[in-house]
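Undergrad: All chains should be built: construct the whole structure from the sequences, respecting the hints.
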Amino acid sequence: MNVKWKSLDKCADFGLLVTRAGIGALFLIVHGFPKLAGGAAQWASVGRAVSYLGIKFGYTGWGFAATLAETLGGLLLILGFAHRPAALVLFVTMIVATIWEYYPFGGWDAAAHPAALAVVCLGLVFTGPGKYSLDAGN
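With my numbering, letter number 35 in the sequence shown gets 41, and the count goes up by one each step, no holes.
No lab work stands behind these hints, which were simulated from the structure alone. Treat the numbers as computed from the prediction; the structure is a model and nothing was measured. The beta carbon of each residue, even a glycine, is placed where N, CA and C say it ideally should be. One or more hints might be untrue.
[As the list claims (entries may be wrong)] Here are the computed lysine-lysine pairs in the DSSO-like style, where the Cα-Cα straight-line distance is at most 27 Å: (1) Lys137 / Lys16; (2) Lys137 / Lys10; (3) Lys41 / Lys62; (4) Lys137 / Lys41.
[What the hints assert, rightly or not] Ranges between beta-carbon positions, derived for each pair: (5) Gly44 / Ser13: 42 to 48 Å; (6) Ala122 / Lys62: 27 to 33 Å; (7) Ala46 / Phe20: 21 to 27 Å; (8) His119 / Gly21: 18 to 24 Å; (9) Ser13 / Tyr58: 16 to 22 Å; (10) Phe39 / Val125: 19 to 25 Å.
TA: Below is the structure:
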């Protein structure tokens with residue numbers, strides 16, 4: 007089998023688009039919108055994650071911030087606009103989510119999903135959005 011993997015190098019920007027759009031859609035549709043629609047009770051529940059960081063106040067506000075990060079951050083990743091700040095905010099949000107899932111829910115089996123999203127977001131901080139984005143060239 008003579009696969010020419012090197013020829014895929016010219017498709018790196020398309021790969022970034024696929025990654026951005028896929029991860030962005032997951033954040034927007036699966037994580038952000040349902041929490042946004044859940045209202046203050048949902049935000050307070052999500053915000054309790056910061057209690058594992060020693061923060062014992064403002065759960066609704068923290069939860070709303072995480073919800074906005076996932077919703078707007080997902081949209082920004084899809085568009086490739088304000089890409090690096092969005093990816094960084096999502097990375098931090100997913101680190102908190104990893105801690106939240108790890109401690110009360112039984113270790114890495116529960117925490118693997120947000121940990122994987124954190125790794126992808128950190129990678130996107132370093133790669134940039136690619137040429138198929140609103141930030142292209144910036």
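Undergrad: Taking the hints in turn, state whether each one holds.
TA: Structure-based check of all given hints:
1. Lys137 / Lys16: With a Cα-Cα distance of about 12 Å, the restraint between Lys137 and Lys16 holds, given a limit of 27 Å.
2. Lys137 / Lys10: Holds. Lys137 to Lys10 sits at ~23 Å (cutoff 27 Å).
3. Lys41 / Lys62: OK: Lys41 and Lys62 at ~21 Å, within 27 Å.
4. Lys137 / Lys41: 31 Å, violated
5. Gly44 / Ser13: 42 to 48 Å: This hint holds: roughly 46 Å between Cβ atoms.
6. Ala122 / Lys62: 27 to 33 Å: 29 Å, holds
7. Ala46 / Phe20: 21 to 27 Å: The hinted range 21 to 27 Å is violated for Ala46 and Phe20, with Cβ atoms some 41 Å apart.
8. His119 / Gly21: 18 to 24 Å: 22 Å, holds
9. Ser13 / Tyr58: 16 to 22 Å: The hint (16 to 22 Å, Cβ to Cβ) is violated, given that Ser13 and Tyr58 are roughly 46 Å apart.
10. Phe39 / Val125: 19 to 25 Å: 23 Å, holds
Of the hints listed earlier, those the structure fails to meet are numbers 4, 7 and 9, in rising order.
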